[in-house]
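Visitor: For reference, the chains in residue letters:
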Amino acid sequence: MDFDTQLLYGYDKIMLALMIFVIMLGMGASLRVEDFKAVIRKPRGVFIGFLSQFGLMPFIAFTLATVLNFHPAFAISLILIGCLPGGTTSNMFAYFSRGNVALSISMTTASTLMALIMMPLLLKLYTVKFTNQLTASMQATGSKAEFVIPTGNIISSLALVLVPVALGMIIRRKSRDWAKATEDTAGFVGIIVILYLIATAFIRHGKLFMQTPVEIYVGALGLGLMGFFFGYYFSRLFGMYPLFQRAISLETGIQNGPIAFAIILLSFQEPVQSQMLWLAILYSTFIVITSSIITLLYRKYGKFDWDVYRNTIIHNRLFGKDYITNYPKGFLPGRLVNDPSQDTEPAQKRK
Amino acid sequence: MSERIYDIANMAEFYQQAAEKFGTLPAFAIREKALKWNPVSYYDLYEQGINLATGLIELGVEARDHVGIFSDNRFEWILSDYAVQFCGAADVPRGHDVSDEELFYIMEHADIRVTFVENKAIQDRILGFRDRLPLLREIIMLNPKSQPAEGIKTIQEVILLGKELRQQGDRRVEERIDGIQPDDLFTLIYTSGTTGQPKGVMLTHSNMISQIRNLPVHHNCTDRVLSILPVWHIFERLIEMYTISFGGCTYYSSVQTLADDMRAVEPTFMASAPRLWENMYQRILKGVKASHPVRRVLFNIAYFLSRQYKTSQYFITNKYLKIHRQPLWRHLLILPFHIIRRVIVMPWYGFFNAAVLERIRLSAGGSLKMTISGGGALPNEVDRFFNFIGIEVLEGYGMTESTPVISVRSGNNLVVGTVGPPIPETEVRIIDPDTNEVLFPNAKFPHNGKSKRGEICVRGPQVMKGYYRNPELTKLTLRNGWLHTGDLGMITYNDCLKILGRSKATIVLSSGENVEPEPIEMRLQQSQFIDHCMVVGQDKKFLNALIVPVLDEFRQNGVEVQSFKDLANNTEAQKIIRDEIKKMTESNNGFKRYEQIRDFRLLTDPFQVGHELTNLYKIKRHVVEQKYNHVITELTEKTAKNKN
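Protein sequence lines, in the order shown, are assigned to chains C and W. The numbering of the first sequence is numbering that gives the first Met the number 0, which starts it at 0 and goes up by one. The numbering of the second sequence is numbering that gives the first Met the number 0, which starts it at 0 and goes up by one.
These are calculated hints, taken from the structure and not from any lab test. There could be a bad hint or two in this list.
[As the list claims (entries may be wrong)] Simulated crosslink set (EDC-like; lysine to aspartate or glutamate; CA at most 20 Å straight-line):
#, chain 1, residue 1, chain 2, residue 2
1, C, Lys302, W, Glu2
2, W, Lys32, C, Asp321
3, W, Lys35, C, Asp321
4, W, Lys368, C, Asp306
5, C, Lys302, W, Glu357
6, C, Lys179, W, Glu357
[To be verified] Pairwise CB distance ranges (calculated):
#, chain 1, residue 1, chain 2, residue 2, range
7, C, Asn325, W, Thr505, 42 to 50 Å
8, W, Pro335, C, Phe58, 41 to 49 Å
9, C, Leu296, W, Asp431, 48 to 56 Å
10, C, Phe187, W, Asp6, 52 to 60 Å
Quick reminder that beta carbons are idealized off the backbone N, C-alpha and C, glycines included.
Start from the sequences, fold in the hints, and give me the full structure.
Guide: Below you can see the structure in the form of structure tokens.
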């Protein structure tokens, strides 16, 4: 496919940059230093999540790009998305899907920090094939240039993105009210900007939707869905309880879209930039829809174990830490018999 | 996965099975402080109950005796009830708000020989008239912190007495349990009656068991139920029994600590009177008004979307109020519109529901799956509000005489504005209160008589045995097995019951006070200026009056008016009537605070025989209510505003 149109104009880019700033600020405002400590205290869940996020997801992205025979620019974009850390959206979805919010938050914080190391490594590993293709095609047109993944740039853009996160955390320390307002604003800005990008794409480049090959849609849609699916069963392999499976599944599938935008804008140039952005926009749109549907499903099927978990939490809250709730024989299915809530923090309420 | 207990012969066996099935799960939790509650397991409750029962038998409680429990909600209440059931006896419950006269009447009328009292206050009141109760043998103190007077045992002493006997092999309790017949009384509840004297409603084991069996809501042993209503009220009593049937835990809260307890306990189910939902509704609205303007706008958008979404959903699933018949073609014609609206609104609703409405639901504890409202009519706007913000309020209808549930809206049959379909095994009839003709079901009328207004009559396993030692009243209320409720209602086109008011004169205020309007009206009509009047206020906070003035009397007193219309707008006349009302219903005339008239309207047409009046000049209340519906609404709205 020919992708000669420039997707974003100057002021769009400025807007996008602003949005990334606000969203990252909001993300920071929702985090506490406590959350980082929690990761160190209870590393098991976060570790399994880490394997799922940085082990499974990039591999899924690579496989999809290879199997669907993506154009190298799209392939690199998909792999880039696959290597991203989790975002705060996943925490909200974890809450509504009756997943463990504490784990979701821990995973978000851990993966955001780890991304500084993991992303460049993983990108190098998975994109070799595609960068070679790009170089080959560029040299075919007579250019002497070679396409390389701008590793240094990526690390510095990532670090740059983390600045507003840190700012957000400072806001939270200073004033709870401002933190809350920042968080709320970020939520809305995120949705509005995605809608804006889609709408402008529609208006300015209506043909783009038609031109985009089906496999790109399949890839953008499939990456999130496969992340959910494999994240859920992968964590089950490690004996995780449904409550944590749901959190890991959503965290794996939902990536931090704004960081993708930031890296693409700051580290890549045309001719690949627009193509990469286009895939990132498609992914961000689809992921909102698919995670809503997945959340509804989890909510429905997770009702029973969630009820058991809440009840135990409240028994321990009111009757003392040592209180043990004994359900009648046969009431709990085998997997839940060892109380899933033991050794977890109350997840729902954060003060 | 979860099973309920309802296949039982009597309530004693019910308690026994609960202990076997749910063992160490907490049955009740008692608040010590905000985050410290003490659980009592099903097994412990059973053990203590058996010991207490043995002690009671030793103290002389016979099978089918009536044992008083004069106490408000506390763990020892339920323990006493366990013991009374294990003795094969029935309890006579009542709370501290009973007057001395009533208390004496109840104790004498029910032949109470052994009674539990909550604390020193009630103990002293009973001791005050003890010599007039020759049958009374034992008083047992429930509150371990209260100092019992001489000759009064504490519940602990009786439990210990029973425990020793049990250890020596006493098995009288088992014999008693075997001897209980389904038709034996489980409880004898005294309600304030129209004639002034309380009526003893006899409810049997099979009455209660049928209710547990037929309640349509489903829970399991992970559920937490917050208790706020007085347990001697049959509605709360049923909810507690229902909670035991699925192994849930009842947490005893109180009005003062309710807001905290809701956050601490995160109840999944709750039963309350309309007043609580009204208060919560006001509180949420106040919170929204006080919040940041952006938040307020978001809330309004969310509420709007939810209303659109749910209204369409109710239409599609056929769960909307159908007072008039809806021809099928019309339904099919409108259906596409609702389907389209639902689909369009859905994603937006989904987002706002998650982002905005969830926060509001969190203020109600966050885990509340559904709530049930009973003991009075829930105002329509409150009802709709909670259903739209996503907290299902199931409104029920019933009375003490029917143990109490007759009908309830269940989760999958939620028609706002009705009290749902009758529960299983329950037949409902609508009869003409004047002619006693059956209006529903009656093949003579189109659609079997649906939407015809009349008195609601009920037949089913929950209908009481009768009024204790009051055969005349029993015969009047129970005719051929049909309980005449005294309420007016109709069956809607989706087979739900809609309550329209009361055919009996008694007005129940939203505070739960029962007011007999007739004595007040008779008193007011003694005024020279008042020809007729009718007191209104069912389910409202205050009483109001509709007044037909005496035109000539005003003229003679120098008020220059030509017609009733002039008079109604005349400020001088208003003042005269206001003073008259005040003078007539002064508290030193024997009128209680809640019997005061808050406001009134002068009517422009006199009541006429055959229309508003019967041949005997008695007011046909339902006719006046229907005719002056708008005036009554206006009055109540005005007084409600003045209050705020």
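Visitor: Against each hint, give a clear statement of whether it holds in the structure.
Guide: Cross-check of the supplied hints:
{"no.": "1", "hint": "C:Lys302 / W:Glu2", "verdict": "17 Å, holds"}
{"no.": "2", "hint": "W:Lys32 / C:Asp321", "verdict": "18 Å, holds"}
{"no.": "3", "hint": "W:Lys35 / C:Asp321", "verdict": "13 Å, holds"}
{"no.": "4", "hint": "W:Lys368 / C:Asp306", "verdict": "11 Å, holds"}
{"no.": "5", "hint": "C:Lys302 / W:Glu357", "verdict": "17 Å, holds"}
{"no.": "6", "hint": "C:Lys179 / W:Glu357", "verdict": "16 Å, holds"}
{"no.": "7", "hint": "C:Asn325 / W:Thr505: 42 to 50 Å", "verdict": "48 Å, holds"}
{"no.": "8", "hint": "W:Pro335 / C:Phe58: 41 to 49 Å", "verdict": "47 Å, holds"}
{"no.": "9", "hint": "C:Leu296 / W:Asp431: 48 to 56 Å", "verdict": "53 Å, holds"}
{"no.": "10", "hint": "C:Phe187 / W:Asp6: 52 to 60 Å", "verdict": "54 Å, holds"}
Going through the hint list in order, the structure satisfies each hint without exception.
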